[in-house]
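Counting with the numbering used here, you get residues 153 to 507 for the letters of the sequence shown.
Some clues are possibly wrong.
Claimed, not checked - Taking lysine-lysine and the DSS-like style, the derived pairs with C-alpha atoms no more than 25 Å apart in a straight line are:
#	residue 1	residue 2
1	Lys-341	Lys-273
2	Lys-425	Lys-341
3	Lys-487	Lys-273
4	Lys-487	Lys-323
5	Lys-356	Lys-341
6	Lys-240	Lys-341
7	Lys-468	Lys-487
8	Lys-425	Lys-273
9	Lys-468	Lys-323
10	Lys-408	Lys-356
11	Lys-293	Lys-341
12	Lys-441	Lys-468
13	Lys-240	Lys-441
14	Lys-273	Lys-293
15	Lys-323	Lys-441
16	Lys-361	Lys-341
17	Lys-323	Lys-295
18	Lys-341	Lys-323
19	Lys-408	Lys-372
20	Lys-425	Lys-293
21	Lys-425	Lys-295
22	Lys-468	Lys-273
23	Lys-240	Lys-468
Rather than coming from a laboratory, the hints here were simulated on the basis of the structure.
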Amino acid sequence: MSDRHQLTDSDPRAQGSDVEPGGPAEEERPRRRRGRRIALIVLLVVVLLSGGTALAGGLYYRSVDKSIERVDAFEGVPEESRPQVEAKGAMNIMILGSDSRDPESTGGSRSDTIILAHLPKDRSSAQLISIPRDTWTAVPKSKEGRGGRDAKINAAYAWGGVPLMVQTVEKFSGVRVDNVAMVDFAGFKEIIDALGGVEIDVEKSFTTKYSLIGTRTFEKGRQTMDGAAALDYARERHAFPDGDFARIRHQQQVIKAILDKAASGGVMTNPAKLNSFVRATSDSVAVDKSLSLVDLAMEMRGLRGGNLTFFTCPVKGTGRVGSESVVFPDPARSKTLFDAVRRDSVPEILAISGK
């Protein structure tokens, strides 16, 4: 991933509340779109390698694994400042999401998603903690000298790329990031269409004005969505009083629906569907240089949507810092949560999240 167009502290894309940091320059969009495709496949491949297809699937996915784009996520991250490993065998993956075709995005800005995925030592489950992109926190100084002050957490990507995001999330959580995965949520359309649609339970009726087709109305209740509809559903925030928190919930719903459909929709027994699904997924992701998706998938081949827990990092609420609209984290509750993650105490994590 090229970091030639990092934003400075004075750039409005890094400071303002209406334009998000991390957007590429216009001429860099095709390259950045490839570079920011990250690891939904980490979870999806796990599902597809379950049951009797594990051995054959392993051989198939090794060829796919080699073709996935790799990023240098830890370049320049000072070891002395990183959290120590407390629970050997557990794994923490930072998943970064972008949406390269979001109709709301202007001037190259993008909607960022930050998830810290905890995989316990026994690999029997996964806990995915969403960190709101507007979380106000300390951003370390990048090797280029940018940052070094409080800001929205996703400003770290604008100022120092993936390595500074690693440093910032580690500083915020106190949890060591073992691997990094990135996904372009625009790729959800092709992934979901390859699955033949997904089932989503819509919490309330609403109309989005930011659809690629102009407007789209969603009715309350459970329904099957194709890729375009699910993408519109996962993007919407203006129709809900809690804004970006609603979008986080919907993204979590869509991810879980994809996993459930991949596991139960006949994908593993249909070679054509399997191939189109995996190819669509691999086109939307990239991972760090050390992550072996096949090895991880073999370890977690029994994982299903029911073994996944999604929740959001505890916050005190929203407010303003200068001209910026921000989310204020809850330090005490966050510390309790991330302490449990560091110790690989899944019962405590689930109790804290209320799941």
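Going through the hints against the structure:
{"no.": "1", "hint": "Lys-341 x Lys-273", "result": "33 Å, violated"}
{"no.": "2", "hint": "Lys-425 x Lys-341", "result": "15 Å, holds"}
{"no.": "3", "hint": "Lys-487 x Lys-273", "result": "21 Å, holds"}
{"no.": "4", "hint": "Lys-487 x Lys-323", "result": "12 Å, holds"}
{"no.": "5", "hint": "Lys-356 x Lys-341", "result": "22 Å, holds"}
{"no.": "6", "hint": "Lys-240 x Lys-341", "result": "37 Å, violated"}
{"no.": "7", "hint": "Lys-468 x Lys-487", "result": "13 Å, holds"}
{"no.": "8", "hint": "Lys-425 x Lys-273", "result": "32 Å, violated"}
{"no.": "9", "hint": "Lys-468 x Lys-323", "result": "19 Å, holds"}
{"no.": "10", "hint": "Lys-408 x Lys-356", "result": "19 Å, holds"}
{"no.": "11", "hint": "Lys-293 x Lys-341", "result": "36 Å, violated"}
{"no.": "12", "hint": "Lys-441 x Lys-468", "result": "36 Å, violated"}
{"no.": "13", "hint": "Lys-240 x Lys-441", "result": "20 Å, holds"}
{"no.": "14", "hint": "Lys-273 x Lys-293", "result": "33 Å, violated"}
{"no.": "15", "hint": "Lys-323 x Lys-441", "result": "22 Å, holds"}
{"no.": "16", "hint": "Lys-361 x Lys-341", "result": "18 Å, holds"}
{"no.": "17", "hint": "Lys-323 x Lys-295", "result": "16 Å, holds"}
{"no.": "18", "hint": "Lys-341 x Lys-323", "result": "34 Å, violated"}
{"no.": "19", "hint": "Lys-408 x Lys-372", "result": "19 Å, holds"}
{"no.": "20", "hint": "Lys-425 x Lys-293", "result": "46 Å, violated"}
{"no.": "21", "hint": "Lys-425 x Lys-295", "result": "45 Å, violated"}
{"no.": "22", "hint": "Lys-468 x Lys-273", "result": "31 Å, violated"}
{"no.": "23", "hint": "Lys-240 x Lys-468", "result": "32 Å, violated"}
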